[in-house]
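S.K.: Fit chain H to the known structure of chain F by using the hints.
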Amino acid sequence: MAAFGGWTMPLAYPQGTLAEHRACRSGVALFDVSHLGTVRVTGTGALALLQDALTNDLRRIGPGQAQYTHLLDPADGSVVDDLLVWWVAPERFDVMPNASNTAQVRRAVGGTDVTSERAVLAVQGPQARSCLASVFPEAGAVGRFAVRELDWQGTTCVVAGTGYTGEDGVEMAVPEAAAPALWDALVGAGAVPAGLGARDTLRLEAGLPLHGHELGPGITPLQAGLGWVVGWDKPDFRGRAALEGERARGPRRLLRGVELEGRRPPRAGSAVLSDGTVVGTVTSGNFSPTLERGIGLCFVPPDLEVGASVEIDLRGTRLPGRLVRLPFVSRRRKVEAGR
Amino acid sequence: MDTPDDLRYSSDHEWVRVEGGTARMGITDYAQDALGDVVFVQLPSAGAAVTAGSSISEVESTKSVSEVYAPVTGTVVEVNDELADQPQHLNEDPYGDGWICVIELADRGEVDRLLDAEGYRKLVDD
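For the record, the sequence lines run as chains F and H.
Position 114, counted from 1, in the first sequence is what this note's numbering calls 152; the numbers after and before it change by one each time, with no gaps.
Position 113, counted from 1, in the second sequence is what this note's numbering calls 122; the numbers after and before it change by one each time, with no gaps.
Next up, chain F with everything else stripped away, as it sits in the complex (with noise of 0.2 Å):
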C-alpha cells in the first residue's frame, strides 16, 4: 500500500504490476480509482461558470458526453490541474480533478465535493465490454466519452466511456454501499485486480500526462503537446492571456516521447543529452512491459524533433535512445506487434 494525495492505494495486487498490465493491454483489469475526486457543479449558471473557468469548450459536447480539459493558471497559464468533466445532465456537470487538487478546483469552479459518497471503479482492456456484459450490461454498452446515469441493482450510478490507460473501457462512479460488491462481480466476471503502478506503466505507453510530472506548476498546455485541450473559440477563460501569449512566442520546450534501446528504466529527474550537451529533462519513465524496452516522457527544446539520437544519464550512466512520437503504444500498434 502507498499514500497517494492522501489516500492509501495498493501499488500492487498479489499478481504484481507487470501481470496487472498485460491483463488491460490483453484482456480486462480493473482498478480502484475513487481517489480522483468529484465536484459537482449545478444549475443554470453552472455551463457558463464552467467554460469560463476550464480551458476546453464544452459546446464541443454535450449532454451525456465527458470531456478533457484543464483548469490554468492565470498569472502564467500553467495547468494547476488537468480532470475530467462528465456532463450528465443538461444542468448537472461532474468536474474530476486529481486526488490532491480537489480543493484547488472546487476553489475555481464553486459546486460541492462529494468525493466521500461514491467510490470509482474503472474498467479496462479489450475485454472490458464483453466482462460487464454479464454484470452490469448497460454500462457495457456506454460508448467511447458518453455519460449516462444507470441502475445497478436499484442504486444509481454514473458510468463513462473513459479511461488513462489507452484501451477501451469505462469508469463508473458508483454509490460507495455498493462499490465492493460490483468490484466483486467484476473479479468473478474476469477482471484482474490492477494498483498504481500498472496504472502508470500503462498511462505512460499511452503516453498521458500524470499532473505532477508533465503538467504542473512552471508547465503549460501547449509545451505538453494538448494545444486541443484549449477552446481559442471561447471568448474567455481563465488563463487565456497568459496563454495566448506562449501560443504567439512559440513554446520553449515540447513533451515527447524517449524510447531506449535497452530494458533499463529512464526516471523522472534524469537529463536528457542532444550531441553530449544537456538539452532536457526525464518527468516520467519507467519499463514499457509492451515494448521491453525502457520508455520515457520528457520536455526538450522544439527543434529537437522525433526521431532524434538522445541519449538519458541515469545516475551516471549514459542510455542510448531516441525521441518518439506518443502513444509508445496504441490499439493499433499493439496489433501489429502482436502480428
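FYI, nobody ran anything at the bench for these hints, they're computed from the structure.
For clarity, every value in this text was computed on a predicted model and none was experimentally measured.
Heads up, the beta-carbon is just placed ideally off N, CA and C, and yes, glycines get one too.
There may be inaccurate statements among the hints.
[Said to hold, decoys possible] Partial pick of chain F residues on the chain H-facing surface, computed with a CB cut under 10 Å:
| id | residue |
| --- | --- |
| 1 | 49 |
| 2 | 56 |
| 3 | 300 |
| 4 | 302 |
M.R.: Coordinates of chain H only, in the frame set by chain F:
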C-alpha cells in the same frame, strides 16, 4: 517468506551459498517481494574485485531502483548473464535461477560472520 536454512544472509538482504572456496549470491525472497517486479539487473563484471558492503549491482523494478551489496570480499568469478533478458528470475526463483554472481572468497571465515537463517528471519520480522 522463504528463508532456506542452508544459506547465510547479510543485513542488506543478500543471501550467500558457500560452494568450496566460492560463494554464490543473490537477493532474498523478502528483498524481491519488497522490490516488486524486477525489469532490469545491472550485473557486476567477471574479474571485478569486490569488498563486503560495497555496491556491486543495481536492480530496477517497476517501482524503484535498489543497490545490491557484496555480502563478502573477494573476486567475481561468474555472473548470471541470463538475467540480462530474464530479470524476472529474481522474483520467480530468488535462491535458484535468480542468483546474481559467484564470488571467490578472500577469507573463508568471513561467511561465518553473516547471519544464519534464524537470525535473518528475526531481522525481517522486526
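S.K.: Mind checking the CB of residue 302 of chain F against every CB in chain H and telling me if the closest is under 10 Å?
M.R.: Hint holds; residue 302 of chain F Cβ to chain H Cβ min 5 Å, cut 10 Å.
S.K.: Against chain H, with CB atoms and a cut of 10 Å, does the hint on residue 300 of chain F hold up?
M.R.: Cβ of residue 300 of chain F sits 8 Å from chain H, so the hint holds.
S.K.: So, as I understand it, the hint says residue 56 of chain F touches chain H; can you test that by seeing if any CB pair is closer than 10 Å?
M.R.: OK, holds: residue 56 of chain F within 10 Å of chain H, min 4 Å.
S.K.: Closer than 10 Å between Cβ atoms is the bar; does residue 49 of chain F clear it against chain H? Give me holds or violated.
M.R.: 6 Å, holds
Going through the hint list in order, the structure satisfies each hint without exception.
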